[in-house]
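Protein sequence lines, in the order shown, are assigned to chains A and B. Going letter by letter, the first sequence gives residues 1 to 492 in our numbering. Going letter by letter, the second sequence gives residues 1 to 675 in our numbering.
Among the hints, a few may not be true.
[Stated by the list, open to error] Here are the simulated EDC-like pairs of lysine to aspartate or glutamate, each with C-alpha atoms no more than 16 Å apart in a straight line:
no.	chain 1	residue 1	chain 2	residue 2
1	B	Lys418	B	Glu455
2	B	Lys615	A	Asp297
3	B	Lys78	A	Asp473
Honestly, the hints are just simulated from the structure, not real lab data. Note that this is a predicted model, so its numbers are computed, not measured.
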Amino acid sequence: MSNHLLSLAIWLPIAAGVIVLLTGSDRNAPLARMLALVGALAGFLVTIPLWAAFDPAYVGMQFVEFSNWIPRFDINYHLGVDGISMLFVILNAFVTVIVVIAGWEVIGKKVAQYNAAFLIMSGLMNGIFASLDGVLFYVFFEASLIPMYLIIGVWGGPNRVYAAFKFFLYTLFGSLLFLLALIYLFVHSGTFSILDWHQLSIPLGAQIWIFLAFLIAFAVKVPMWPVHTWLPDAHVEAPTGGSIVLAAIALKLGAYGFIRFSLPIAPDASHQLSGLIIALSLIAVVYIGFVALVQADMKKLVAYSSIAHMGFVTLGFFMFSALGVEGALVQMISHGFVSGAMFFCIGVMYDRVHSRQIADYGGVVNTMPKFAALFMLFSMANAGLPATSGFVGEFMVILGAVKFNFWIAFAAATSLILGAAYSLWMYKRVIFGEVANPHVAELSDINKREFLILGALALCTLWMGLYPQPFTDVMHTSVNELINHVNTPKIQ
Amino acid sequence: MDMQDKLNLYLLVPLAPLFGAIIAGLFCRVIPRWVAHTVAIAGVAAAFVASVLIFQDVQAGHTFNGPVYTWLTSGNYKFEVGFQIDALTTTMMLVVTFVSLMVHIYTIGYMQDDPGYNRFFSYISLFTFSMLMLVMANNFMQLFFGWEAVGLVSYLLIGFWYTRPTAIFANLKAFLVNRVGDFGFLLGIGLVLAHFGSLDYATVFAKAPELATATINLWGDQQWSLMTVICICLFIGAMGKSAQVPLHVWLPDSMEGPTPISALIHAATMVTAGIFMVSRMSPLFELSTTALSFVIVIGAITALFMGFLGIIQNDIKRVVAYSTLSQLGYMTVALGASAYSVAIFHLMTHAFFKALLFLAAGSVIIGMHHDQDIRNMGGLRKYMPITWITSLVGSLALIGTPFMAGFYSKDSIIEAAKLSTIPGAGFAYIAVLAGVFVTAFYSFRMYFLVFHGKERFGKAHDEHHGHDAHADSHDHHGLAPGQKPHETPWVVTLPLVLLAIPSVFIGYIGIGPMLAGDYFAGAIHVDAAAHPGLAHFVEEFHGAAAMGVHALTQPPFWLAFAGVALAWFFYMKRPDIPAAIARRCSAIYTLLDNKYYFDKFNEVVFAGGARLVGKGLWRGGDVGVIDGLIVNGSAKLVGWIAAIVRLFQTGYVYHYAFTMIIGVFVLMTLWMNRA
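So here's chain A without its partners, still in its complex pose:
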């Protein structure tokens, strides 16, 4: 059983999704919801042993599964996780439970299909994090686009078709170059094994081309400036659950790609082009920070702040130090909790008022005090306040950056001011003040279901802020291995 944990983590949610789909029309919506919740919870439970039975000292992949798929091209069903990917499988399964509960009363049409899309996407994304074969990875990577495309296109807002197309084309464009790079690597090595590619000696010129092809694919996903403009549109049009998964998990796929493909396969090119990535990361932090400040739409604001926070992730990776890489990984997990919670908070207000415009709110605290308190916590976490998870990653990356180059740290640390400015200015305009209009006056405070979600995310945020050690403990071996690997030249 424990040998097939990863397969279970992938196929259990997908199977559950198919079963949910079989319930058919909305007449069976309650059954569909219940089945979806059971499926999501089961999917979450099977991932817990991954952490419990994980050996933090072991170098290499754990929970490995291997069977032949297309022997002629040495394509295999090869799964495994290390200290880097393991936490994301669990995070993904956890977030799936959250989104199923988040859509409970809110989604009224095509309930079965909605829940099935999330369950299937959850399984596919677990496949991405667990794949050790290039083709397998690519199949999961591409397949995960489809449910998200449908979620935005079917359950989205008024401009959903534009947003869904933009999302799909942007990411597909990136993936094509990624496929080319995979084929080149196969031709060069005769295998699709990612771990074998890590050991492959490639001349610098080829490394740079491979790196650039990877970069375009992953930069779109992260997203990095200047290929980020699909994200605000996608978030604005996506339903709340879609935004949560998009921010909490989908954005991590690009960052994960950097750490599984770009850095270990093209280490010398990574060093050569680190200046470019760092520059783009800092632009994301500073430029996007300013852009977030002036947004009138709450979802757009949080979407832009997501881009700024992901800037810390790419910055952390390309300083090639343990503090930087672990800080970036911590930031990714924390961002999963915090941005997911922020989008859920906006969803809570949207469900009641049907507006995401900051100007349509004001004085929400008067009618929703419990909500205001929790939203305050997440806004502060978004602004990187110590004792919340939002602080830990930024703190580590900034400290790592000072050692790397003072001025890079200087630019990155402006997020301390900008993050507080856009998060708290929005909070002030939405939550504080006198009751601004009759809609706000009629608001009812969060119900038990909403409280459950926000409470769970609040506990995660505080836990990771007060005691991040358990999260980084499992990373150390893998991260040190990665850094040693990246700092060893591959070209003779």
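Got chain A; can you put chain B on it based on the hints?
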């Protein structure tokens, strides 16, 4: 006590208030008020008692430095949560828990009509926890944690009355200005980690002398002293938290919060965190005379120029707020003069008499039914005798009346500035000396206007609304015609009396051991060879009594006396003179009234500028170039090409036939020409 018992006692100090905060906060809607305030007060009282025990233990020579738990490890770095317990820590712990306890008791009376009663107790207990974590830290990470946590609580409390536009503007401003300071602070911490390889105080301080001459290359080929850069970065953090020019702008606005927190957070404790931090970092600051010069000049500017602003304020809390700014400047001057122990000494005396003045101001505000304009007061001594006497004690202590608390600490600062030899010390000496006169003048201007002279209250004054009342509880501010002020209940006056006692005696008792003795030995490091000022001061010190007698013939005493006399003459004898001066010197008056235009500058340049940049980048960059030109542009290009290509695919056979004929004709022409 064995080690584990001791550690448990240390843990009790911050955790007891935290427990109170959690109970009062999480259950604020279900528990009755008496439960909330009992739990909160019990928590802080427990912390105070434990602090006293720890203080005695440290006096007996038992200091402590050790971890509680490992927060994070990464690479070669280890970040821990831990405590450093020495004389500096215990001094701060006693000040924080004592003032906090007084404020907790006072709050029962002050907030009795407020619907947010339980929430308020939760916040002030949370503050006490955060502040204790800050002062008890044995490393920079935890220091930063406490540093930002007190900022958070300050934010929550300034905006406590969250329906008021001014309050929610002030709290955002306070948080952002503090974040600017924290920006520098975090970079300083980053430099410490990068060059020392650790964030533990003990490790860093032990390694500091080795790196005294180290340089770093920040710009071009210029080499900067590492210590100077680190210390200035750290001090930028202190400038934010301790409201030094130009990051002082948030403190006057923070008076939008309820008065008890103005006393606790914005006078006695949180704003002194920067002073504490620099004293804690004395082994680093001692290695950079440049940084110390920077510190002393900033402090001197704050001490003098913020004092001027106190002269023209008419809101009772704002007078005290500018006085706090000025006194924080005095402490900073002491830091710059390498007289860290003097700074902490003034921090301590100031905590008592300034908390007293704020709480007394709050008592006046209650008595005046939430009118804060001192022009509407006068003659209150008849109606509020306890508030009157305690205010007088606080004011006398503040202006440095010989033998009172403020005298010993402030005169020591003036002496330290005089004896300091670093660049900037001359200016600082003049500033702190002139500041004595200014302090005495504005303090007694307020005192006379409030407690003496004609009774000016009881008129309907619609245009001068007070700022310190909740809309629900007081629809009309101020006293109705014929109504008289009244003395406040015992929960308000008891803290005043308990704070008045140390405001009189703590200086006399404290100066011997804290400045001349070895009270701070091991906690504060002064390089006596490079900065001998304090050592000279100690040589000339012959006991507290002698110092008080000697001062009667010295300039500070006469300057203070002149300030009081002038205030009496202007506001008791000839009230027409100040008005005439304001008219005559309207340019200066306007400058002061606009607080040197710092607020306007920040609003236009920083707040307005940031929005402008954001709009420009968004409209120009994201919407214009990236989406407009590249993304939608390439989509349009595809559509445009397709539109043209489509023209060739009409579906009519004769079009295709015609095209074919032209093609054949062209090909044949080419073929024939070739042949």
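Verification of the hints:
1. B:Lys418 / B:Glu455: violated, 43 Å
2. B:Lys615 / A:Asp297: Roughly 14 Å separates the two Cα atoms, so the pair holds.
3. B:Lys78 / A:Asp473: Status holds; Cα separation ~12 Å.
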